[in-house]
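Protein chains: 4
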Amino acid sequence: MLMHGRKKRWLVKVEENKEFHTHIGIIKIGNVVGKPYGSPIMTSKDKQCWIFQPVPFDYVHKFRRPTQVLYPKDIGLILMMTGIGPGSRVVEAGTGSGALTSVLAYYVRPNGKIFTYEKREDFFEISSENIAKAKVYDCVVQYNQDVMEGIVEKNVDAVVIDLDTPWLVVQTAKHALKDGGYFVSFSPTFNQIEKTVSKLDEENFHDIQTLECFSREIKTKEGATRPNKFISHHTGYLTFARKTATQLIM
Amino acid sequence: MLMHGRKKRWLVKVEENKEFHTHIGIIKIGNVVGKPYGSPIMTSKDKQCWIFQPVPFDYVHKFRRPTQVLYPKDIGLILMMTGIGPGSRVVEAGTGSGALTSVLAYYVRPNGKIFTYEKREDFFEISSENIAKAKVYDCVVQYNQDVMEGIVEKNVDAVVIDLDTPWLVVQTAKHALKDGGYFVSFSPTFNQIEKTVSKLDEENFHDIQTLECFSREIKTKEGATRPNKFISHHTGYLTFARKTATQLIM
Amino acid sequence: MLMHGRKKRWLVKVEENKEFHTHIGIIKIGNVVGKPYGSPIMTSKDKQCWIFQPVPFDYVHKFRRPTQVLYPKDIGLILMMTGIGPGSRVVEAGTGSGALTSVLAYYVRPNGKIFTYEKREDFFEISSENIAKAKVYDCVVQYNQDVMEGIVEKNVDAVVIDLDTPWLVVQTAKHALKDGGYFVSFSPTFNQIEKTVSKLDEENFHDIQTLECFSREIKTKEGATRPNKFISHHTGYLTFARKTATQLIM
Amino acid sequence: MLMHGRKKRWLVKVEENKEFHTHIGIIKIGNVVGKPYGSPIMTSKDKQCWIFQPVPFDYVHKFRRPTQVLYPKDIGLILMMTGIGPGSRVVEAGTGSGALTSVLAYYVRPNGKIFTYEKREDFFEISSENIAKAKVYDCVVQYNQDVMEGIVEKNVDAVVIDLDTPWLVVQTAKHALKDGGYFVSFSPTFNQIEKTVSKLDEENFHDIQTLECFSREIKTKEGATRPNKFISHHTGYLTFARKTATQLIM
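Residue numbers (the working numbering), protein chains in the order written: chain A, 292 to 541; chain B, 292 to 541; chain C, 292 to 541; chain D, 292 to 541.
Simulated from the structure, these hints should not be mistaken for laboratory data. Keep in mind it's a predicted model, so treat the numbers as computed, not measured. Some hints could be false.
Same chains, same label: a pair holds when it works inside one copy or across any pair of copies.
[As the list claims (entries may be wrong)] Computed cross-link-like contacts, BS3-like style, restricted to lysine-lysine with a CA-CA straight-line distance of at most 27 Å:
1) Lys469 / Lys304
2) Lys336 / Lys426
3) Lys426 / Lys490
4) Lys336 / Lys309
5) Lys426 / Lys404
6) Lys410 / Lys465
7) Lys319 / Lys410
8) Lys404 / Lys469
9) Lys469 / Lys336
10) Lys510 / Lys424
11) Lys319 / Lys510
12) Lys309 / Lys465
13) Lys512 / Lys424
14) Lys512 / Lys445
Use the sequences and the hints to build the structure in full.
Below, the structure is given as structure tokens:
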């Protein structure tokens, strides 16, 4: 990843003798080979850039995005609330741009798996490329298939839904989940969460809760520290619930 | 973990024939052995509880807490912004209750490490117990030592500071970090972030930013969906920065 | 109004020789007569209090409250968005505790009027007392009557609804409003605003918008300035709309 | 005021035979004479507009703005917290665009007064025009003078400061205020509020508090209700304090 200032970031593949053209000049990106991350590099117009290793956050922002994506604040909360982590087996639908897929895959390494369903062929292909770029393909299984037609996996740790009608997937998700496993859905409107929570209730899910997460940047400057003008976008609400076992312990 | 309703949660160690006493009656916790997570269980007063596997979120809330702890929303953001994940080597100071230590250790499994410094002996001991309970001891190295006296590790991926004076640790952290590695600090006041950012600037860190994160619960009930009365506590601000290499790429 | 510290406030009627008993001692409130506002006074236990003139804010917080009340941030926004001010004629339903009534009456002085409808007799009586205490009775007309049975007034500047079913009052409000006049409703749930906005649309109201307002206190202390732990309650959403005239200007 | 859709608003002076040119066509604004507010009118391009009476909110947004202005949410909170209302005598500095001046003047009608100080001549002139447009000139006294050189008025109900260095005006404001009167200042940065609060403390002001106010629009559509993507700008913090009398009541 190449950075100029704080806001301008590019994900560039480094190849020998390659030049990278930007509005602030040409960068001899080939010279980066063998240099440590964090190094400065000058453009042909004498502007300073920096070479950094990309983090999950960068994939989320830099992928070709056919769909709206979740923000770091939201994905971070999914990890923490569900315990998706090294070794987890997770079903995701839909794949969309593959941004969430890639980030989840990054965190279930080295022996977990993300099984991701996408019915649209164009999204399936774009996300394929994106997941490859993020170098997490070993931990991903992609289906070009509508999740509504069923989930192949059983006994998974979590099912993460980023579709318009999450309530229609509750039953399917229940079959795929292990007892105690997490259902997670992400929806921008109130009406969606109302329908989803109602369905989760009906299907005996427990510990159902819906959260909205905001973040705000603080502009720090000695003697003039203030919040940024904007608070983060409303991206959506996260609904969490756990599958219950049917048999009462006596 | 034993749950009653949405809010009452206990972390109980399951042993054969053990009984667990609560204000809603006695629970024959020994009977849980061999039953699936997500199972319901009745108390002697005929109240229903549920058995679930604890997630990182539960450790944060259930640990003996000598100090204020970070919230899931904050820890989630640390993961996402820094890429701390499977295999990462991270320095933390101070250890406090060990809650953050345990959650970070959970995410760097199976072959990453958290090196955590705590100068107070009482905190060192409490956190030791807590980290053991969270079953992540394999990924933790604990020091009963003031981080200000130096960090033993070199070339680490991130240094996470939860101390009153993060600006005093910037230089020490810089020596321990690999090029491009992340400095993270958590501070409740504006004055702390001002001093820390100023010091990071002086030490040539790049991509410095400070974020505040909020979360809000939505009370979902058909026909009466509304935000919870309270928005999450202000816990503090997170400051992120990356170490730069000194040599310009030519 | 008597204050102790920042948070303890009493609305006390001053009478000669009167003593006022509190948990921090007895206050010779009779001695206040003829003294300037802002004066300090000691209790029998030697605690310092202050005498201040109450502002609308204080009425909102200090009234006997049979019902939830709007907060200063919300009422301030109602004033600004509708132009309710000196001389305005406003219909309100229901009266509730009379807190909103009193504040609106304060701002329409000296020759505006608040016409307020309340069907419950107990609320009607409590609010009567409260409005008298706030000394704005000259600007208030109270009805112990359900607003659903009709509004007597015509051509009013605004109709302000604080009832569970605002959508049922839209038509009645329309008849009472002047052309261009404001409909305002206050509702805690999303479902209420959805129904209300839908009805306003149907009745050709224009410039319909719904706002939520938050406020947060900053704890200011040299070298340790930070936001308060809590952000204000979610009290509810404010919906605004303007009545349109039917005839097209040619 | 002329509206097209929800967002496009013009403040137009109506004169006989006048035509008003916009990007959505020409409007025969002269024909509006004698028609009720709330009436629809068509442009030459057959687009529908509406005629409404402007409210204070509209002045704030529509004035020529040489400076940043306060938002409705902020001004509403000033009114509610200080009781500035019909009959109040208020000092303001600086005048800036005259937007806050005009709104305050609107609320102190018919016999209150806003005394406003502005040292820059260009701002003084622009604000003069703006205040005249808002038709509240009877309630405003304007000084082209630096408030730091002193306030002519005595015994005022409130002093409202919108300057970069509010702490430098605390003493001057104290002399102008009546006992129990309100000091209000508006500042974007933390450093400003820290200095101001510290000075207010030193000068024995009481009931000092600093608030930040946010507002968020809800996009209401049947079956798809959701918060707007953006939460309101951080405009600044409001600091409130009351002047105390020196003599103890015995």
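Going through the hints against the structure:
| no. | hint | verdict |
| --- | --- | --- |
| 1 | Lys469 / Lys304 | between (40 Å within a copy, 22 Å between copies) |
| 2 | Lys336 / Lys426 | neither (32 Å within a copy, 54 Å between copies) |
| 3 | Lys426 / Lys490 | neither (37 Å within a copy, 35 Å between copies) |
| 4 | Lys336 / Lys309 | within (17 Å within a copy, 55 Å between copies) |
| 5 | Lys426 / Lys404 | both (14 Å within a copy, 22 Å between copies) |
| 6 | Lys410 / Lys465 | within (20 Å within a copy, 47 Å between copies) |
| 7 | Lys319 / Lys410 | neither (41 Å within a copy, 47 Å between copies) |
| 8 | Lys404 / Lys469 | within (15 Å within a copy, 29 Å between copies) |
| 9 | Lys469 / Lys336 | neither (57 Å within a copy, 29 Å between copies) |
| 10 | Lys510 / Lys424 | neither (32 Å within a copy, 37 Å between copies) |
| 11 | Lys319 / Lys510 | neither (32 Å within a copy, 48 Å between copies) |
| 12 | Lys309 / Lys465 | neither (50 Å within a copy, 32 Å between copies) |
| 13 | Lys512 / Lys424 | neither (36 Å within a copy, 39 Å between copies) |
| 14 | Lys512 / Lys445 | neither (52 Å within a copy, 30 Å between copies) |
The structure fails to meet hints 2, 3, 7, 9, 10, 11, 12, 13, 14 from the earlier list, while all remaining hints are met.
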